[in-house]
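**Q** Sequence:
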Amino acid sequence: MARLSAAVTALVSLAFTAPACAQPAEQTEEQAMAEAAATATVTKVFQLPEGSGPHDVAPAPDGKIWYTAQRQGALGILDPDTGAVRQVPLGPESAPHGVIQGPDGAAWITDGGQNAIVRYDPKTEKIDVWKLPEGTGYTNLNTGAFDGDGIHWFTGQNGIYGRIDPKTGAMEIFKDPEGRGPYGIDAAPSGDVYYVSLAGSHLARIDRQTGEATIIEPPVADAGTRRVWADSQDNLWISGWKSGELYRYTPASGEWKSWKLPGDAPKAYAVYVDDRDIVWVSDFGANATLAFDPAAESWTSFPGSGPEANVRQILGRPGEVFLPESGTDRLMIVYTGTR
4 MARLSAAVTA
14 LVSLAFTAPA
24 CAQPAEQTEE
34 QAMAEAAATA
44 TVTKVFQLPE
54 GSGPHDVAPA
64 PDGKIWYTAQ
74 RQGALGILDP
84 DTGAVRQVPL
94 GPESAPHGVI
104 QGPDGAAWIT
114 DGGQNAIVRY
124 DPKTEKIDVW
134 KLPEGTGYTN
144 LNTGAFDGDG
154 IHWFTGQNGI
164 YGRIDPKTGA
174 MEIFKDPEGR
184 GPYGIDAAPS
194 GDVYYVSLAG
204 SHLARIDRQT
214 GEATIIEPPV
224 ADAGTRRVWA
234 DSQDNLWISG
244 WKSGELYRYT
254 PASGEWKSWK
264 LPGDAPKAYA
274 VYVDDRDIVW
284 VSDFGANATL
294 AFDPAAESWT
304 SFPGSGPEAN
314 VRQILGRPGE
324 VFLPESGTDR
334 LMIVYTGTR
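For the sequence shown, the positions run 4 to 342 when this note's numbering is used.
Mixed in with the good hints there might be a few duds.
What the hints assert, rightly or not - For lysine to any residue, the following SDA-like pairs were computed, each having C-alpha atoms within a straight-line distance of at most 25 Å:
1) K260 <-> L293
2) K134 <-> A87
3) K260 <-> R208
As the list claims (entries may be wrong) - Computed spacing ranges between beta-carbons, pair by pair:
4) P64 <-> V132: 15 to 25 Å
5) P136 <-> P321: 36 to 46 Å
6) A299 <-> E215: 30 to 40 Å
Worth flagging that the hints you see were computed from the coordinates, not collected in a lab.
Cβ atoms here follow ideal geometry from the backbone N, Cα and C, with glycine treated the same way.
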């Protein structure tokens, strides 16, 4: 196992986990400082293998972190406690895009190079590859999500979305109603699955029984909807790559709301909602990842560790947010104080 030097940068910023409240009269200065430190955020940056171009990232069940080394055809495994990194080759012509942890504790990968869904078992290190059906053609596979029934759904930018039953390996492919563009995908707490189309600039809800997609148009035409993530209340948060806006869609009411990212020329790419319902969105225009507090409608910025860090996907676990920097071959972890 290769051990890379963990180029660790620690930054302490203002907390946004809870509203400020009046301090009791008997609280000492030391107690106040300890309380502030407990809710502050700290970041650490880990150097990954040169040329790995980490694209997507996911928590592994043993405290480690998975990332897709898209340029090197491998699944990366980082131990944040030691900084040790190793990469597992996924197969000939592999170019993995997305990775998520499945209900089985395995890494499920959308591999555009192999035009296949790939599963990595961390216990046995066995790799399973399910090629897309003959005649499907190159689909430019993107991202995956598991619905409430344990079915794995995935997107392909060349105009498809699909599903695979992990128990049987049976796979079905469906065509997006408007053609090219299916990109980010996520399952809400309700178990329902939604995806967004970058080229088609729309949100879509998948009927889990029939596989049919229902288009939901955003309030801004040609917004460049790129990623989608659900919060604990089933609201869907969507990044607008072209519009530079963050959108919230509430399925229960059909209501949309939007917020412009700060700065002169924002480009919203990745979006993720953490365990506190704080919304994280990466901004290529500012070379930063922003944390948005919906209650206060306020932004906190976390600059990239280097020029053109290019965080293309965000994920995490309670108390931790993972920012893979495809442009610097680094992975930043933000510790939010709720672990």
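**Q** Regarding the pair K134 and A87, is the alpha-carbon distance no greater than 25 Å?
**A** violated (32 Å)
**Q** Take the C-beta atom of P136 and the C-beta atom of P321, compute their distance, and say whether it sits inside 36 to 46 Å.
**A** holds (38 Å)
**Q** Given the hinted pair K260 and L293, is their alpha-carbon gap at most 25 Å?
**A** holds (18 Å)
**Q** P64 and V132, beta-carbon distance inside 15 to 25 Å?
**A** holds (21 Å)
**Q** K260 and R208: Cα distance at most 25 Å?
**A** holds (18 Å)
**Q** Between A299 and E215, is the Cβ distance one that fits in 30 to 40 Å?
**A** 39 Å Cβ-Cβ, so the 30 to 40 Å window holds.
Violation of the numbered hints given earlier is confined to hint 2; every other hint is satisfied by the structure.
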